[in-house]
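Q: Residues per chain are reported as follows:
Number of protein chains: 2
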Amino acid sequence: MFLTAELITKKRDGKKLSEEEIRFLVSEYTGGSIPDYQMAAFLMAAFIRGLDRRETTFLTRAMLESGRVFDLSSLPAPKIDKHSTGGVGDKVSLVLAPWVASCGVAVPMISGRGLGHTGGTLDKLSAIPGFRTDFSIEQFTEILRGNNFFMAGQTVEIAPADKKIYALRDVTGTVPSIPLITASILSKKLAGGAEAILFDVKVGRGAFMRTPKEAKELAFWLCAVARQFKVKAEAVLTRMDEPLGRFVGNILEVKEALEFLSGRFEADLYHVTEYLAVRMLGLAGIEEKEARRLLSARLLDGSARQHFRELVRLQGGFVGAVENPGLFARAEYQIPVRAPQAGWVWSLDAREVGLLAIELGAGRKTVQDKIDYTVGFEFLKKTGAQVEKEETVAFVHSNSTVTGREVAMELGQLYDIRREKKKAPGLIIKS
Amino acid sequence: MFLTAELITKKRDGKKLSEEEIRFLVSEYTGGSIPDYQMAAFLMAAFIRGLDRRETTFLTRAMLESGRVFDLSSLPAPKIDKHSTGGVGDKVSLVLAPWVASCGVAVPMISGRGLGHTGGTLDKLSAIPGFRTDFSIEQFTEILRGNNFFMAGQTVEIAPADKKIYALRDVTGTVPSIPLITASILSKKLAGGAEAILFDVKVGRGAFMRTPKEAKELAFWLCAVARQFKVKAEAVLTRMDEPLGRFVGNILEVKEALEFLSGRFEADLYHVTEYLAVRMLGLAGIEEKEARRLLSARLLDGSARQHFRELVRLQGGFVGAVENPGLFARAEYQIPVRAPQAGWVWSLDAREVGLLAIELGAGRKTVQDKIDYTVGFEFLKKTGAQVEKEETVAFVHSNSTVTGREVAMELGQLYDIRREKKKAPGLIIKS
Numbered sequence: 001m002f003l004t005a006e007l008i009t010k011k012r013d014g015k016k017l018s019e020e021e022i023r024f025l026v027s028e029y030t031g032g033s034i035p036d037y038q039m040a041a042f043l044m045a046a047f048i049r050g051l052d053r054r055e056t057t058f059l060t061r062a063m064l065e066s067g068r069v070f071d072l073s074s075l076p077a078p079k080i081d082k083h084s085t086g087g088v089g090d091k092v093s094l095v096l097a098p099w100v101a102s103c104g105v106a107v108p109m110i111s112g113r114g115l116g117h118t119g120g121t122l123d124k125l126s127a128i129p130g131f132r133t134d135f136s137i138e139q140f141t142e143i144l145r146g147n148n149f150f151m152a153g154q155t156v157e158i159a160p161a162d163k164k165i166y167a168l169r170d171v172t173g174t175v176p177s178i179p180l181i182t183a184s185i186l187s188k189k190l191a192g193g194a195e196a197i198l199f200d201v202k203v204g205r206g207a208f209m210r211t212p213k214e215a216k217e218l219a220f221w222l223c224a225v226a227r228q229f230k231v232k233a234e235a236v237l238t239r240m241d242e243p244l245g246r247f248v249g250n251i252l253e254v255k256e257a258l259e260f261l262s263g264r265f266e267a268d269l270y271h272v273t274e275y276l277a278v279r280m281l282g283l284a285g286i287e288e289k290e291a292r293r294l295l296s297a298r299l300l301d302g303s304a305r306q307h308f309r310e311l312v313r314l315q316g317g318f319v320g321a322v323e324n325p326g327l328f329a330r331a332e333y334q335i336p337v338r339a340p341q342a343g344w345v346w347s348l349d350a351r352e353v354g355l356l357a358i359e360l361g362a363g364r365k366t367v368q369d370k371i372d373y374t375v376g377f378e379f380l381k382k383t384g385a386q387v388e389k390e391e392t393v394a395f396v397h398s399n400s401t402v403t404g405r406e407v408a409m410e411l412g413q414l415y416d417i418r419r420e421k422k423k424a425p426g427l428i429i430k431s
Numbered sequence: 001m002f003l004t005a006e007l008i009t010k011k012r013d014g015k016k017l018s019e020e021e022i023r024f025l026v027s028e029y030t031g032g033s034i035p036d037y038q039m040a041a042f043l044m045a046a047f048i049r050g051l052d053r054r055e056t057t058f059l060t061r062a063m064l065e066s067g068r069v070f071d072l073s074s075l076p077a078p079k080i081d082k083h084s085t086g087g088v089g090d091k092v093s094l095v096l097a098p099w100v101a102s103c104g105v106a107v108p109m110i111s112g113r114g115l116g117h118t119g120g121t122l123d124k125l126s127a128i129p130g131f132r133t134d135f136s137i138e139q140f141t142e143i144l145r146g147n148n149f150f151m152a153g154q155t156v157e158i159a160p161a162d163k164k165i166y167a168l169r170d171v172t173g174t175v176p177s178i179p180l181i182t183a184s185i186l187s188k189k190l191a192g193g194a195e196a197i198l199f200d201v202k203v204g205r206g207a208f209m210r211t212p213k214e215a216k217e218l219a220f221w222l223c224a225v226a227r228q229f230k231v232k233a234e235a236v237l238t239r240m241d242e243p244l245g246r247f248v249g250n251i252l253e254v255k256e257a258l259e260f261l262s263g264r265f266e267a268d269l270y271h272v273t274e275y276l277a278v279r280m281l282g283l284a285g286i287e288e289k290e291a292r293r294l295l296s297a298r299l300l301d302g303s304a305r306q307h308f309r310e311l312v313r314l315q316g317g318f319v320g321a322v323e324n325p326g327l328f329a330r331a332e333y334q335i336p337v338r339a340p341q342a343g344w345v346w347s348l349d350a351r352e353v354g355l356l357a358i359e360l361g362a363g364r365k366t367v368q369d370k371i372d373y374t375v376g377f378e379f380l381k382k383t384g385a386q387v388e389k390e391e392t393v394a395f396v397h398s399n400s401t402v403t404g405r406e407v408a409m410e411l412g413q414l415y416d417i418r419r420e421k422k423k424a425p426g427l428i429i430k431s
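Chains as they are written, first to last, in my numbering: chain A, 1 to 431; chain B, 1 to 431.
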């Protein structure tokens with residue numbers, strides 16, 4: 001037993017905490033013996049004074065062990081997970097997981113909800129009527145056994161300490177700390193039982209890490225701490241300056257993912273997704289050339305799409321809409337956004353797009369908010385495209401003409417259009 | 001209106017807050033709209049990043065204005081208060097206030113309870129049966145008008161914000177911060193309506209400020225911020241390495257104060273108290289020689305003691321015991337402490353003595369603890385005294401022979417006795 005105030009004081013003065021001390025803080029806080037205000041003071045001290053890699057490993061382990069952990073050792077297939085640090089229009093997981101699963105690699109994926117201006121895989125999945133992400137560990141294991149992947153949320157069984165601590169960080173100004181982010185991500189991801197994890201660390205205006213320097217640091221921490229748990233870990237830095245793919249918005253992104261799995265895709269989304277898929281297969285021991293061949297074959301023969309259909313069935317979702325996306329609900333109005341002038345699109349700020357999407361109802365401002373799954377954006381033109389004056393560059397999908405028109409006007413202003421030519425940027429920054 | 005999380009973030013990143021921002025934090029926290037955990041995160045950020053003098057002034061003002069303030073402008077006498085940062089055996093206020101009041105200077109004194117290892121004036125006063133420190137501002141003003149001084153606690157009317165914030169700091173490792181200490185002390189002291197305040201900043205092993213450097217810094221902040229409120233402020237640094245005077249313990253110290261007011265005192269206590277009294281009279285415009293003459297006269301003619309007697313009567317205490325201290329309750333056992341060897345006393349650690357006094361029941365370990373007003377210590381020998389082996393150097397006053405004997409043994413070990421000669425130290429460090 002420790003005195004909580006003394007542990008707070010120790011970190012306040014920049015000293016290091018032992019594994020026992022960190023475990024005490026986490027377990028007593030999760031159990032309710034340490035009140036929110038003491039944890040808040042500790043988190044602020046940890047934010048400012050920092051945690052070193054050992055302390056971050058201790059924190060990760062304590063949060064991980066606050067819940068149950070998948071034991072997938074009886075499954076013969078290699079088990080590989082992927083984690084994205086979050087972006088706008090980032091529906092990569094929806095395509096990547098069934099695609100990789102269709103190549104014979106098991107993907108036990110634990111995903112999160114939208115954070116700040118970014119969307120969340122869990123919210124997108126919830127846009128499929130009936131789809132559930134809260135099964136027990138045993139049920140998810142069965143789903144994995146039957147279809148080679150599952151897509152789970154952070155259920156009550158998984159890292160409850162992280163859930164409680166994250167909620168507190170969110171309201172006490174202690175979110176953007178690399179050690180705290182690392183421990184939070186890993187405590188969930190490690191619970192999934194994967195033997196390797198690929199981190200997609202987003203960089204740029206629409207990412208939480210604005211610069212490659214910050215992103216590299218986070219990537220380094222994620223890999224270094226993950227390896228302490230005997231998990232293979234690799235990281236990729238990808239650009240998140242403008243929305244990824246053609247759509248932003250929950251149902252719209254699910255439909256885009258289904259289109260992808262049927263063989264029709266935007267170049268930027270394909271490029272990032274295929275790159276990550278090759279890397280995941282690489283972690284499973286499949287060399288690059290063979291990986292590309294396999295991925296191409298599974299996409300063309302429809303098995304990737306079939307795995308997604310089966311996932312929806314196994315997790316209780318409306319399979320009819322997967323087979324016929326026209327059955328998905330649709331926003332009442334599609335309001336065109338027109339180019340204010342002729343020229344080339346130089347940028348389309350993903351962060352601002354994300355905030356506008358929330359304004360429209362596609363995300364939450366507070367935890368209590370309800371999401372309107374049908375609303376969002378379709379981008380016909382993105383960075384590098386040439387446009388005529390008054391050409392339609394995007395559509396706003398909205399259920400209110402008033403809000404829709406306001407948002408459409410603001411979206412138009414996010415288009416930075418200039419006379420000089422501009423090329424579309426590359427997306428893979430560092431691997 | 002501000003977003004609390006944004007103000008926390010601002011301070012977390014080392015930025016300065018405006019008066020409106022600090023006022024918002026204090027008033028919304030006191031009113032209950034800002035929860036403890038957000039205030040705790042803010043206090044930790046303020047602790048580590050610091051508050052500058054302007055911010056500390058804002059914080060002081062916001063806490064001061066959370067409650068009512070004495071308006072003593074209709075009283076003709078100069079109004080001077082004194083504040084001690086706390087020590088062991090520090091019964092100076094009990095003597096100083098009636099003494100200075102008897103010289104025609106009004107002393108509106110707001111005191112606190114024991115903190116950590118130190119004793120509190122309020123606890124000592126509460127040892128007088130019936131004595132109340134929770135009158136209204138109007139009642140205290142009447143008491144002041146009738147007898148030239150009052151001794152009040154931090155009632156519900158006075159700086160409620162400080163009370164709530166202090167309780168939170170106590171459990172979140174955010175106490176020893178000079179800006180936060182300054183604002184806490186001043187928000188209470190300034191409420192008393194004094195036009196000048198003398199700060200007795202204790203330095204040494206038994207003080208919160210261990211070194212003259214720290215003490216000077218606190219003294220400087222207290223005076224600088226007090227002056228922002230158009231209050232004259234001076235500070236004195238006095239040594240607190242060993243207990244002050246002959247007794248430690250609540251009733252024992254009240255009796256020692258009564259003895260003093262009857263003209264019998266220990267040299268160290270007299271030296272500090274008279275020095276502070278001269279300085280308080282100085283703040284009231286009385287020059288030093290005249291001040292000494294006046295103080296001596298008022299002590300000898302019994303008016304100082306008479307003022308104390310009248311205070312006890314006006315604040316509801318048992319006057320009989322003041323007139324005949326034999327009527328005060330007394331601990332059942334007086335257990336002698338003997339010198340382990342012959343030589344000179346080199347030191348007697350005041351902090352350890354304070355902690356032993358709490359062990360004995362003279363102070364609180366937690367807010368809920370009840371104090372035994374009768375228990376404590378009498379010191380026959382202190383630093384600089386020559387002792388024989390087995391000579392009685394102190395008595396433990398206890399109501400349990402078991403605890404009393406244990407404490408007596410530990411107290412004996414606190415006496416650092418050596419063969420070499422040692423002189424008693426001076427007490428005034430800097431003025």
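Simulated from the structure, these hints should not be mistaken for laboratory data. The reader is advised that the hints may include incorrect statements.
What the hints assert, rightly or not - Here are the simulated SDA-like pairs of lysine to any residue, each with C-alpha atoms no more than 20 angstroms apart in a straight line:
(1) Lys365(B) x Lys421(A)
(2) Lys381(A) x Tyr270(A)
(3) Lys421(A) x Gln368(A)
(4) Lys10(B) x Asp170(A)
(5) Lys10(A) x Ile178(B)
(6) Lys163(B) x Ala5(A)
(7) Lys15(A) x Lys365(B)
Q: Given the hinted pair Lys365(B) and Lys421(A), is their alpha-carbon gap at most 20 angstroms?
A: Not satisfied, since the Cα-Cα distance of roughly 74 angstroms exceeds 20 angstroms.
Q: Hinted pair, alpha-carbon criterion (20 angstroms max): Lys15(A), Lys365(B). Please report holds or violated.
A: Not OK: Lys15(A) and Lys365(B) at ~26 angstroms, beyond 20 angstroms, violated.
Q: For a C-alpha distance cap of 20 angstroms, please report whether Lys381(A) and Tyr270(A) respect it.
A: holds, 17 angstroms
Q: Tell me if the straight-line CA distance from Lys10(A) to Ile178(B) falls inside 20 angstroms.
A: The hint holds at about 18 angstroms.
Q: Does the alpha-carbon distance linking Lys163(B) and Ala5(A) stay inside the 20 angstroms limit?
A: holds, 19 angstroms
Q: Sort out whether Asp170(A) lies within 20 angstroms of Lys10(B), counting only the CA atoms.
A: This hinted pair holds, its Cα atoms lying about 15 angstroms apart.
Q: If you draw a straight line from the CA of Lys421(A) to the CA of Gln368(A), is it 20 angstroms or shorter?
A: Roughly 45 angstroms between the alpha carbons, so the hint for Lys421(A) and Gln368(A) is violated.
Hint check: violations occur at hints 1, 3, 7; the rest are consistent with the structure.
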